[in-house]
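The task is simple: from the sequences and hints, build the whole structure.
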Amino acid sequence: MSDAGQTPTRAPLLSLRGVTKVFGAGEAAFAALKGIDLDIFPGEFVAILGASGSGKSTCMNILGCLDTPTSGRYQIEGVEVGSLSEDVLARLRNERFGFVFQGFNLLRRTSAQENVELPLIYAGVSRRDRDLRAREALASVGLAGRERALPNELSGGQQQRVAIARALVNRPAVLLADEPTGNLDSRTGREIMALITQLNRELGLTIVMVTHDRDIAAHAARHVVFLDGEISSDGQRPEAAA
Amino acid sequence: MRLDATAALALKALSRNKMRSLLTTLGVVIGVSSVIMMQAMGEGATALVSNEISSLGSNMLIVLPGGESKGPFGGGLRGAVPFTRGDVEAIGRECTAVRRAAAVSSTVIRAVVGERNRSTSLMGITPEFFDVRGWHSASGRDLDGEDLRQASKACVIGQTVATDLYGGQDPVGAELRLHDLSCKVVGLMAAKGVSTFGQDQDDFVLLPHTTFARRIAGDEHVGTIMVSAVSEARTDEAKAQIESLLRQRRRIRGGEEDDFNVRDMREIQRVLGTVTGVLTTLLASVAAISLVVGGIGIMNIMLVSVTERTREIGIRLAIGAQARDILQQFLVEAVVLAAAGGALGVLLGVLGALAVAEAFHLPFRVPIFASAIAFAVSVTIGVVFGVFPARKAARLKPIEALRFE
Ligand SMILES: Nc1ncnc2c1ncn2[C@@H]1O[C@H](COP(=O)(O)OP(=O)(O)OP(=O)(O)O)[C@@H](O)[C@H]1O
Ligand SMILES: [Mg+2]
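Heads up: the protein sequence lines correspond to chains A and B, in order.
For the first sequence, numbering that gives the first Met the number 0 assigns the number 0 to the initial residue and increments by one for each residue that follows.
For the second sequence, numbering that gives the first Met the number 0 assigns the number 0 to the initial residue and increments by one for each residue that follows.
The reader is advised that the hints may include incorrect statements.
[Said to hold, decoys possible] Pairs of lysine to any residue residues, derived as SDA-like cross-links and limited to a Cα-Cα distance of at most 25 Å, are as follows: (1) B:K11 <-> A:V78; (2) B:K396 <-> A:V78; (3) B:K17 <-> B:F374; (4) A:K33 <-> A:G77; (5) B:K396 <-> A:G81.
No wet-lab data here; the hints were simulated from the structure.
Here is the structure:
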C-alpha cells in the first residue's frame with residue numbers, strides 16, 4: 000500500500016464541517032470546540048497536538064461516535080452521522096473504530112484476556128475465535144503470558160497496552176488513540192509506536208492519535224494542532240516517518 | 000450478545016457481591032418458602048380431615064338447635080329452643096330415610112374413683128348412640144333401652160378415663176362417682192385415639208340420657224341429635240324429612256326460618272374446606288406481599304448496581320455494546336437473582352413443610368405444582384422489577400456514562 004497521507008485526492012473517510020461543542024448552558028456555557036473543519040482520509044496517520052484543554056479529547060469523542068456535536072456536520076464515508084440510529088452507531092463503534100482512551104477505561108476485576116475479548120463478544124464472535132484473537136492481540140502488544148492478570152495487577156503501561164490490544168482486536172478501519180503512549184516509558188512507547196506504524200503501513204489502518212510528545216508525533220505524516228477549540232494549523236510533513 | 004454469555008456475566012457480577020445478593024433475594028426466598036409450606040400443610044390437613052370425616056360415617060347427620068344464620072357450626076345456642084327426647088323418638092319412628100336417631104347432651108364433669116379423679120366430658124345418650132356412631136363397648140356391654148327406661152346408675156367409659164382412674168385394672172363392674180351420683184361401670188368403649196384436631200376421643204363417660212337429665216343437668220333437654228340415614232344416597236332425603244318433622248313439632252310457620260340446623264358430613268367437610276380456603280387465601284396474600292417486597296428489594300439493589308457500574312456501562316457502550324445488550328445484561332442479572340431466590344425458597348419451603356408434617360403427623364406430598372408456580376412467579380418478579388433499572392442502564396449515553404464518577 001502506498002504511503003499514508005500521499006493521496007489526499009480521495010474522498011475523506013471522516014469529515015467534520017463547522018463542528019462545535021458547547022458544554023453546559025446559559026451563563027456556565029463553555030464552547031470546547033468552536034467550528035472545526037477536519038477531513039481524515041483512508042490510510043492516513045494523523046497526529047493531533049495542542050495544549051491541555053484545547054479540545055482534543057472532545058474532538059476524538061465526536062470522531063469515535065461517543066459524543067455528538069452541538070452544531071455542524073460529521074460524515075463517515077459521506078453518511079451523515081446525525082441520521083444514524085443508536086444501534087448503527089454501536090455497530091460502528093464495534094466494527095469500524097478502535098478507541099484508546101486517555102484514561103485506560105479497562106473493566107475492573109476483569110482479566111486482560113476478558114477485557115480484550117469484550118468487543119468480540121458484542122460482535123458475536125464464537126468463544127474459540129474470541130479466545131484465540133484476544134491472545135494474539137495481547138501477544139502483539141507484548142503481553143503474552145499475562146492474559147489472566149487483572150487491571151490492578153498490571154502497571155500503568157501494561158494497562159495501556161491492554162487498552163490498545165482491545166482497540167485493535169476487532170480489526171477496525173480507524174484507530175482513535177487519545178495519548179496512547181502517555182503513561183509509557185520511552186522504550187515501551189517506541190515499541191507501541193512501531194506496532195501502530197506497522198499496522199498503518201501494512202494494513203492501511205487509519206490512525207488519529209492525540210499526543211503531547213513531539214517525538215511520538217514525528218511518526219505521523221500529518222499534524223493537526225488545536226488551540227482553544229479551533230484548529231490553528233493542519234499540515235503534511237512529507238519528511239515524517241522513519 | 001448471546002444469552003449464555005450474558006447469563007455467565009450475570010452470575011459473575013452477582014457472585015462478586017455474594018452477601019448483598021443473598022440479602023437482596025431474601026424477600027423472595029421468604030415469600031416462596033411460605034407459599035410452598037402453607038400449600039403443603041393445607042393439603043395435608045385437608046386430606047386428613049376428609050379421612051377423619053369419612054371414618055365417622057358418611058351417612059351421618061347432626062341436628063343442632065339454632066338457625067342457619069348463626070355461624071358455620073350452628074353456634075349461637077342462645078335463645079334456641081332445645082330438643083326433647085320426644086323429638087328424637089319421632090325422628091327415629093317417622094322419618095323413613097332415617098335408620099337410627101340418638102339424643103346426646105353433654106357437659107364437663109369431675110369423675111372420681113377412690114383417691115383419683117379426672118375432669119372429663121360426660122354425655123347423656125340414648126342407646127341408639129352406639130349404632131349411629133358404629134362404635135361399641137370393647138368389654139362389658141353398651142347402655143340399653145332398659146337403662147334408659149329405669150334411669151339406671153350405669154355408665155360406659157372411654158379408654159383414657161379407664162386408664163387414668165383404674166390404672167391397669169378392668170373397670171367393668173367397678174364404681175365411679177360423678178358429683179353425688181355413684182354409678183357402676185358396665186362397659187368400656189373401644190379405643191379411638193387422638194383426632195385430627197388433637198382431641199383425645201377416648202376421654203368421656205356415657206350415661207343413660209334419663210339419668211343424665213335427672214341427676215346431672217336437672218332438665219330433660221337434648222343438646223344434639225345424631226342421626227344415621229338408611230344409606231349415604233338417602234342423606235338428602237333424611238335431611239328433608241327431619242326438617243319438615245321438626246318444623247311441625249316446633250310449630251314453625253310457613254314463612255319463618257328454621258330455628259334448628261341439620262348438617263350432614265359432606266356439609267361439614269365443605270365448611271372445613273371453606274375455612275382452610277380462607278386460611279390459604281390469607282396466607283397466599285401474605286406471601287404475595289412478601290414477594291412484592293422482595294421484588295422491590297431487587298429493584299432497589301439493581302438501581303444501586305446500575306449507578307455503581309455506570310463507568311462499566313460506558314466502557315461497554317464505547318466498544319460496541321448496543322442498548323439491548325445492556326438491557327439484557329441487567330435484566331438477566333435481576334432474573335437470575337430472583338430465580339435463585341425462588342429456587343432457594345422452594346427448597347426451604349419443601350424442607351419446612353416436611354418438618355411440620357413430621358411434627359404434626361400430617362401426610363406429606365412434595366408440592367410439585369405449587370413449587371413450579373412459585374418458581375415461575377419469582378422469575379416473573381425478577382423480570383417485572385428488573386425492567387426499570389435495566390432500562391435506566393440501557394438509556395445511558397456512552398460519553399456521559401464514561402465521565403461518571
Ligand atoms: N463534560 C464536560 N463538561 C464541561 N466541560 C467540559 C466537558 N468535557 C470537556 N470540557 C471542557 O472542554 C475543554 C476541552 O476539553 P478536552 O478534554 O477536549 O481537552 P484536551 O485537549 O483533551 O486536554 P488534555 O490534553 O488535558 O487531555 C476543557 O476546558 C474542559 O474543561
Ligand atoms: Mg484530552
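Status of the hints after comparison with the structure:
A threshold of 25 Å between alpha carbons decides the hint, and for B:K11 with A:V78 the separation of about 40 Å lies outside it, so the pair is violated. Proximity of B:K396 to A:V78 is assessed by CA-CA distance (about 21 Å); at most 25 Å being required, the pair is judged to hold. Simply put, B:K17 and B:F374 have alpha-carbon atoms about 21 Å apart, close enough for the 25 Å limit, and the pair holds. Of the supplied pair hints, the one linking A:K33 and A:G77 holds, its CA atoms being roughly 22 Å apart against a limit of 25 Å.
The straight-line distance between the Cα atoms of B:K396 and A:G81 is roughly 15 Å, inside the 25 Å bound, and the hint therefore holds.
This entry does not satisfy hint 1, going by the numbered hints stated previously; all others are met.
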